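Enquirer: These are the residues of each chain, in order.
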Amino acid sequence: MMRRPRLNTILAVALAGGIAGLLLWSAPEASRGGAVATERVRELIASTGASNSVCSIVLGARLLDTLFEVLVFSVAVLGVRWMLERGGPDPSAGEPRTHSVLAPVAEIAESDVVRRSAYLLFPPVTLLGIYLAVFGHLSPGGGFGGGAVAASGLLLVAVAVGAQTVARRFHEQALARLEWGVVAVILGIALVSFLLGAPKSGLLPAGVPGELTGGGWLLVYNLLIAIKVFLGGWAIIHLFIEHRGEI
Amino acid sequence: MILLVLLIVLPLVAAFALSRHRPLTGIIAMGVLSFLLAAVYALQGAPDVAVAEAAIGAALVTLIYVLAVRRAGRLVVAACDVPTLFHREGTRLVGLEYEILAGFAHEEHLELMVHFASPEEVADTVQSGDAEVGAGGMLPADQHGCLATQAHLATALFVIGGEGSDSPPTWRRDDLDQVSEMLRHEVRTPITIDLARCLALGGDAIGSDGVQRLSEPSAYRFLVAEDRKELHRKLDRYVDQLRSSGELDVLIRRHVR
Amino acid sequence: MPPIGVAVAAVLFVIGVGALVIRRDLVFKLLALGLINSSTILLLISLDAQRSTMAPIVPPSVMTDVADPLPQALVLAAIVISFAILALALVFVMVLAERYHTTDALRIERAVARETKP
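Chains as they are written, first to last, in the working numbering: chain A, 103 to 349; chain B, 1461 to 1717; chain C, 345 to 462.
Any given hint could turn out to be false.
[Stated by the list, open to error] Computed spacing ranges between beta-carbons, pair by pair: (1) Leu450(C) - Gly119(A): 23 to 29 Å; (2) Phe436(C) - Arg217(A): 45 to 51 Å; (3) Arg218(A) - Leu1464(B): 35 to 41 Å; (4) Asp1709(B) - Leu109(A): 56 to 62 Å; (5) Phe1495(B) - Ser128(A): 25 to 31 Å; (6) Thr460(C) - Ala1475(B): 34 to 40 Å.
Quick caveat, the hints were computed from the structure, so don't treat them as lab data.
None of these values were measured; they are calculated from a predicted model.
Glycine residues also receive a C-beta, built at the ideal position from the N, C-alpha and C atoms.
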């Protein structure tokens, strides 16, 4: 609940307001860089052969950022897994987790409507995710969005039939290893590209913009990142559901 | 234009979401905010960002929040560990009050979730909403503004020890081991204790200086928060049912010797 | 069109910080942090909206004024990361809540202080 505003609160909000005001004041300055955007975009598209200039920035000019972001994501998933499976850095401290002891097991809501609509929606959603990932360098989408959409499709099914049922189809350790394997492959490809001093599109030559082959390695990166985000998202959701019980 | 309308609505939804009392409402509202934000991103020429924000912010984030705060389908009980009434034996729970509550939870299709706390904290926890029912030998003295169901077991209060001292008896109920220690060493501070705990102490109490029974009869009840009137009514009616069908006596005989 | 997006982002930022400080419930604190995150993203996206709101994803033949792709690129993976970090933060909150049986920050602080008293 809220407490009456105290000095700390007022100061904090005032500080936030100050920062916000600063942002507003600097907005005209900051947006001046956009004037060269059109030129930059044209050059990007020509050099990488991918119509999606955002994607070619993320996986080309700013590839290093993206690599570290993938790494951070993986480490966060690792942290979640560690905390939830072992109860944190010192599992012997503190009282045992309070969960239902000897109480009747809660049943998953057997709702026909939910199940049928989940089964109905799962293929299109997954397809959408794959599409976003594969064509990420040509039209809006990209590995991150595609992986996230695919993960939410899977989680739709998990909500409908229970995460245990879904998890039984996967081999848990294989998934974890696959996750890190994909990260290793991404890093490997990037490292090789750096070492060989490749142009922005990686080792393959830039194709024709608008074609599937345009963008060289961007397609591969997008797919790998999509797989990574999908696995990581599913891992987090599965761990949460295991810890807290089914929805 | 649509963009303008969306932008103006955003702070309203945000303020609404963060000012709710129940976390679940706030979470759902933030999910809606995510969707609106995704629409804004799309209209401002950032479709990649819009897709990512919609998939992640609206679906995944909302889901893990809901999982984290989920309490639906559970009956949260704050209880004191009292050997005959509510006791943890290894990984099992035993006791009269536990059985009553487990039966109630089963009937209501709820999962029982138990937190152990000290007698003083139980009413606090119930009142603040962190637990829904308080149990574990709750007496009228513990009530502190909660509602209480009807009594399910009559009890009496005893004063142990301290025959010659004038100080008023102090409540000692939280740490039974400490109490037995004190009795064994014949400390002269009078202790007020209730029947269940007295029985739990067993021979120690009876062998010492003189157990004096207080005249006011008392009874154990469950505690329910003031704003959970429906829950209170249901639990009360359940205890009533047990009593009138005779099952309560069976349970009492089984647990309280 | 005046940069209303920037103004709204600033407002959301202030709301987020205010809620972060005022609300005692840890869940709402996390939600407020998420809002601050989103407000920053909105700011980065809206900075250039005045000039053009056309997505920078076009075949070169149809090139007209397009929005700046750089902030979008920066922001794209930030969204995904904020999800992962939020999940981790939520795990901490869950562990705390299960340990101290409450999500109220003040009560947790008091309980910790009681536990660590020498």
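Enquirer: A separate judgement is required for each hint: does it hold in the structure or not?
Expert: Status of each hint after checking the structure:
no.: 1; hint: Leu450(C) - Gly119(A): 23 to 29 Å; result: holds (25 Å)
no.: 2; hint: Phe436(C) - Arg217(A): 45 to 51 Å; result: violated (34 Å)
no.: 3; hint: Arg218(A) - Leu1464(B): 35 to 41 Å; result: holds (40 Å)
no.: 4; hint: Asp1709(B) - Leu109(A): 56 to 62 Å; result: holds (60 Å)
no.: 5; hint: Phe1495(B) - Ser128(A): 25 to 31 Å; result: holds (29 Å)
no.: 6; hint: Thr460(C) - Ala1475(B): 34 to 40 Å; result: holds (37 Å)
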